[in-house]
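Heads up: the protein sequence lines correspond to chains U and D, in order.
Numbering of the first sequence is given in the numbering used here, commencing with residue 1 and proceeding in unit increments.
Numbering of the second sequence is given in the numbering used here, commencing with residue 1 and proceeding in unit increments.
Rather than coming from a laboratory, the hints here were simulated on the basis of the structure.
Being a predicted model, the structure only gives us computed values, none of them experimental.
Ideal placement from N, C-alpha and C gives every residue a C-beta, glycine not left out.
Careful: at least some of the hints might be erroneous.
[Stated by the list, open to error] Distance ranges between label pairs, derived from CB positions:
hint, chain 1, residue 1, chain 2, residue 2, range
1, D, Glu2, U, Glu158, 22 to 30 Å
2, U, Phe48, D, Gly254, 42 to 50 Å
3, U, Glu158, D, Gly230, 39 to 47 Å
4, D, Asp20, U, Pro114, 29 to 37 Å
5, D, Ala166, U, Arg7, 48 to 56 Å
6, U, Lys40, D, Glu30, 44 to 52 Å
7, D, Glu30, U, Val142, 23 to 31 Å
8, D, Gly230, U, Phe48, 53 to 61 Å
[As the list claims (entries may be wrong)] Stretch by stretch, here's where chain D covers chain U in the computed footprint (C-beta under 8 Å, at least three residues):
hint, segment
9, 4 to 17
10, 119 to 127
11, 150 to 160
So the chains spell out like this:
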Amino acid sequence: MTDHLRRDLIGLMPRLRRFAYAISGSMDKGDDLVQTACEKALSRLDQFQEGTRFDSWMFRIIQNSWIDETRRTRTRGVQIDPELAALSDHGKGARLAEDRMMLATVRAAMAALPEDQRAALALVAIEGLSYKEAADVLDIPVGTVMSRLSRARARLAELVRPAARGAA
Amino acid sequence: MENISKETLSAFVDGELSPDEMDRVAAHLETHPEDHAYVQDLILSNALLARAFDAPMEQPIPERLRAVASGERANADHAPSGQSSVIAFPRRFARYAAPAGLALAASLAAVLFLGGRDAAPTLSIAEGLLVVDGPLHAALETRPSGAAETAADGARFIPSATFADAAGRHCREVEAVAPGAASARVVEALIACREDGGVWRVAAAVAEHPAQRQGEGFVPASGGAASGIGAALDALGAGMALDPDAEAALIARGWN
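Full structure from sequences and hints, please.
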């Protein structure tokens with residue numbers, strides 16, 4: 001009975017890694033997070049309710065693991081190595097310098113957001129969850145998702161606008 | 001007219017308002033350039049956000065994670081399963097203009113196109129759409145005319161010509177073929193012109209349904225005033241199509 005969930009887990013892996021990257025600000029930290037979350041999930045598969053969204057369940061475990069971790073290490077927010085963020089686009093086809101700079105700006109802006117806003121933004125804007133689904137993952141009311149998103153976006157747009165306009 | 005909160009504009013971008021509210025906000029945007037600009041900023045940041053963190057979508061799954069998920073010991077000496085991993089696209093963004101299909105819109109029409117919640121199984125490429133990533137971007141940016149770029153779901157994008165418009169921008173004509181059964185195929189032809197930063201803006205898009213193909217050629221995609229690719233080329237002041245060598249050189253130089 002857990003076989004299909006394991007298969008689903010493999011299939012979900014790229015998205016889980018992306019989400020963990022977005023909330024932790026680093027691919028390595030993100031992968032550690034995904035590993036921890038997978039171990040947790042597999043040790044309590046009986047708690048997963050068939051018929052509910054498996055991806056949402058995993059996002060929730062990842063987010064909770066991240067919160068645990070930041071509490072433990074007392075990190076406030078995410079540290080992005082600015083040099084790394086500026087240089088690395090992980091082989092993605094962002095050929096132009098201004099393109100890379102803009103993506104680096106976005107990563108830095110994301111890292112500067114408060115934890116709860118960052119998670120909401122990652123779930124909705126990157127993972128494409130509905131407000132209701134994001135609310136379920138974060139265990140908060142839909143209205144709270146809406147206001148967190150709006151605040152996160154206002155800050156992001158502020159930071160991104162000069163870069164976007166500058167490149168145009 | 002009344003003020004519309006940033007929260008509502010943000011929900012508009014996500015298509016999270018009721019149909020009536022979506023219409024109301026869309027009408028409001030037509031007469032409120034500042035809010036319209038804000039909505040465009042949100043859409044731009046969304047598209048950039050998706051690209052900023054999409055590296056894991058394109059890489060193989062690290063062995064340690066595959067091992068954990070499949071219940072093997074992390075450092076067990078085990079051959080990779082060889083099966084490629086399925087990439088689950090978020091349904092709302094399952095379109096073609098971006099990494100997970102996220103379309104970046106510039107015109108109000110394109111904003112409205114983004115606003116819809118359900119992903120139709122056809123290609124919906126609206127005029128004014130900014131293409132920043134994804135298979136369509138890859139086709140525009142890297143494929144010589146005649147070569148297809150195939151999306152994960154089987155949709156194909158085939159550039160057919162490259163030319164300069166009256167403003168000196170590089171533009172390309174692309175044929176888009178929807179995935180799925182051959183009988184239900186929708187072909188869409190579009191013209192996109194390259195702007196700064198590697199962004200392509202769709203200047204015209206026309207759909208061609210097989211049933212309507214005889215005699216008339218392309219028909220407008222959405223009942224608009226567009227009158228086919230020929231008219232769009234005229235409107236752009238399109239020059240002669242580049243020869244394959246010149247096109248290849250442009251692609252090799254990254255369109256500079």
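Which numbered hints turn out to be false for this structure?
-> none
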